[in-house]
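Throw the hints in and build the complete structure from the sequences for me.
Going down the list, the sequences are from chains A and B.
When the count follows numbering that gives the first Met the number 0, it moves up by one through the first sequence with no breaks and lands on 43 for the last residue.
When the count follows numbering that gives the first Met the number 0, it moves up by one through the second sequence with no breaks and lands on 438 for the last residue.
In case anyone wonders, no lab produced these hints; they're calculated from the structure.
Hints are all accurate, no fakes.
The list that follows gives simulated cross-link-like pairs (lysine to any residue, SDA-like), each with its CA atoms no further than 20 Å apart:
#: 1; chain 1: B; residue 1: Lys171; chain 2: A; residue 2: Gly16
#: 2; chain 1: A; residue 1: Lys13; chain 2: B; residue 2: Leu79
#: 3; chain 1: A; residue 1: Lys5; chain 2: B; residue 2: Glu61
#: 4; chain 1: B; residue 1: Lys33; chain 2: A; residue 2: Leu6
#: 5; chain 1: A; residue 1: Lys13; chain 2: B; residue 2: Leu320
#: 6; chain 1: B; residue 1: Lys29; chain 2: A; residue 2: Leu6
#: 7; chain 1: B; residue 1: Lys2; chain 2: B; residue 2: Arg60
#: 8; chain 1: A; residue 1: Lys2; chain 2: B; residue 2: Pro32
#: 9; chain 1: B; residue 1: Lys278; chain 2: B; residue 2: Cys422
#: 10; chain 1: B; residue 1: Lys375; chain 2: B; residue 2: Ser412
#: 11; chain 1: A; residue 1: Lys2; chain 2: B; residue 2: Gly64
#: 12; chain 1: B; residue 1: Lys165; chain 2: A; residue 2: Thr19
#: 13; chain 1: A; residue 1: Lys5; chain 2: B; residue 2: Ala39
#: 14; chain 1: B; residue 1: Lys66; chain 2: A; residue 2: Gln11
#: 15; chain 1: A; residue 1: Lys2; chain 2: B; residue 2: Leu51
#: 16; chain 1: B; residue 1: Lys29; chain 2: A; residue 2: Asn9
#: 17; chain 1: A; residue 1: Lys2; chain 2: B; residue 2: Leu62
Here are some chain B residues pointing at chain A (derived, C-beta under 7 Å):
#: 18; residue: Lys29
#: 19; residue: Ser325
#: 20; residue: Cys335
#: 21; residue: Gly336
All C-beta atoms, glycine included, are put in the ideal place defined by N, C-alpha and C.
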Amino acid sequence: MGKYIKLIVNPQLKNGGCMTCQSSCQTACKTSATVSNQPCEREK
Amino acid sequence: MLKEIFEYYHLINRLEKFLLINKNSGAVYKIDPKLGEILASNLNNNYSNLFLPQEMELELRELLGEKSNLEILKESAKKLEKRTAHPKAFCLNVAHSCNLSCLYCFAEKGYREEDNQKLMSEKTARRAIDFLFAAPYPVIELDFFGGEPLLNWKAVKNSIIYAGEKTRFSGKKIKLALTTNGILLTQDICRFLNQYEVNLTLSLDGPKEVHNDLRILNNGKGSFDSSFYKIKQAVFSRNYQNYYIRGTYTKKTLNFSKAANFFIEENLENFSLEPVISKDTPWSLDFEDLPIIEQEYEILANLLVKRKKEGKPFSFYHFNLNLYNSPCIEKRLQSCGVGVEYLAITPQGEIYPCHQLTGYKEFKLGDIFQGIDIEKQEIFKKIHFLNSKDCLTCWAKIYCAGGCIANNYYFSSSLFKPPELFCALLKIRLEYALALSVE
Ligand code: SF4
Ligand code: SF4
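Here it is, written out as structure tokens:
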């Protein structure tokens, strides 16, 4: 972008909802909704 | 006014990096240290006396023109609220009893009182699996949970075989998971779970003195020796794949980086360490604990940087942020699908919105024999961060998706009100995760 500020990523807010990726927080933390940061698995 | 920029951007200063996060789009910018230092030194006075060299100021002002994603999110949220509900992930509470008496256990709330049937019958489990397979998703999830699910091993085993058969006929893929304290794991059980690719979540809080603090056997003694070696064997038997060590830290064991170091030394390198969910107990967390917790995340993040450089990274669940293959809008808005896509089933076949809300009768959504009460489910379709006042103004919302709804209810008696302490914690964690994701 410029000398002092560089865009790293603008998260693509793509439509999806195919539900291939993980729901719930079960496979790891059990109490926290960080599931929303797990990768999209649609391409797999 | 330059100050206005910070209504839309949040400054992160972690791991000697400076980042700006657009609060309404989630965009991540890396800031030159010179500019970063000036911004950071003005943080405390809320940027009201911020003066910058012209070149820097111009660049910063350009950020004001960047787009927000809120409108797109609002559109999707409307659709989400109207969606037809289908279950996609079930948590089968196959045993409402346990061979441990961990003092901080949240599951206990769900089965303390009138439970006469503590183990799920195979018939009920099969019925639940049929219910799940009827949903229109190509990938479904089945988690075995308790209490301690291995107390009902026969039902677990037969359910897995049954679900496996059903995948063959339905063409669906199933992701299986089981949470255990490890005590009842045997070679045969491990072999079976490995064969069926069941993801294991293994409860272990850290080294012996940490683990034994609150994870105690029913006779009051610490459970470390009964769990640890079984857990190690189980992880070894699956070639260190497809598992998570799940530790809890409490007010009494705040130095959780110790636990992390212990896991790493023991080759248990996939782990998560979670704050205890409790209130008004000697081990409950409160705001005065935050400085130490912050320090601990810092130690953990620096350790990860170091290990990555040495080519020996570990996997800490909350630092696994994938900036470049990010989830879709729906996931960003509502995350875990509590009460709609994700449901917990009790041994009697009752349906609850999630494993942490089991036993809260006000949220009972029906049972697997009669079906789901669609009207009671309605409120869960409205769960997304745009319906939470606190989240709307929060910089973390695009990455947090509104936190854990069960926690909200437990601490704030509202599904839509996240508890401040947990938000503060999440934001610290997220700042490190973002700083780690940017080179
Ligand atoms: S739950 Fe808390 S941290 Fe997450 S977006 Fe809402 S206010 Fe922010
Ligand atoms: S509400 Fe909380 S505990 Fe329940 S599935 Fe969602 S993140 Fe997990």
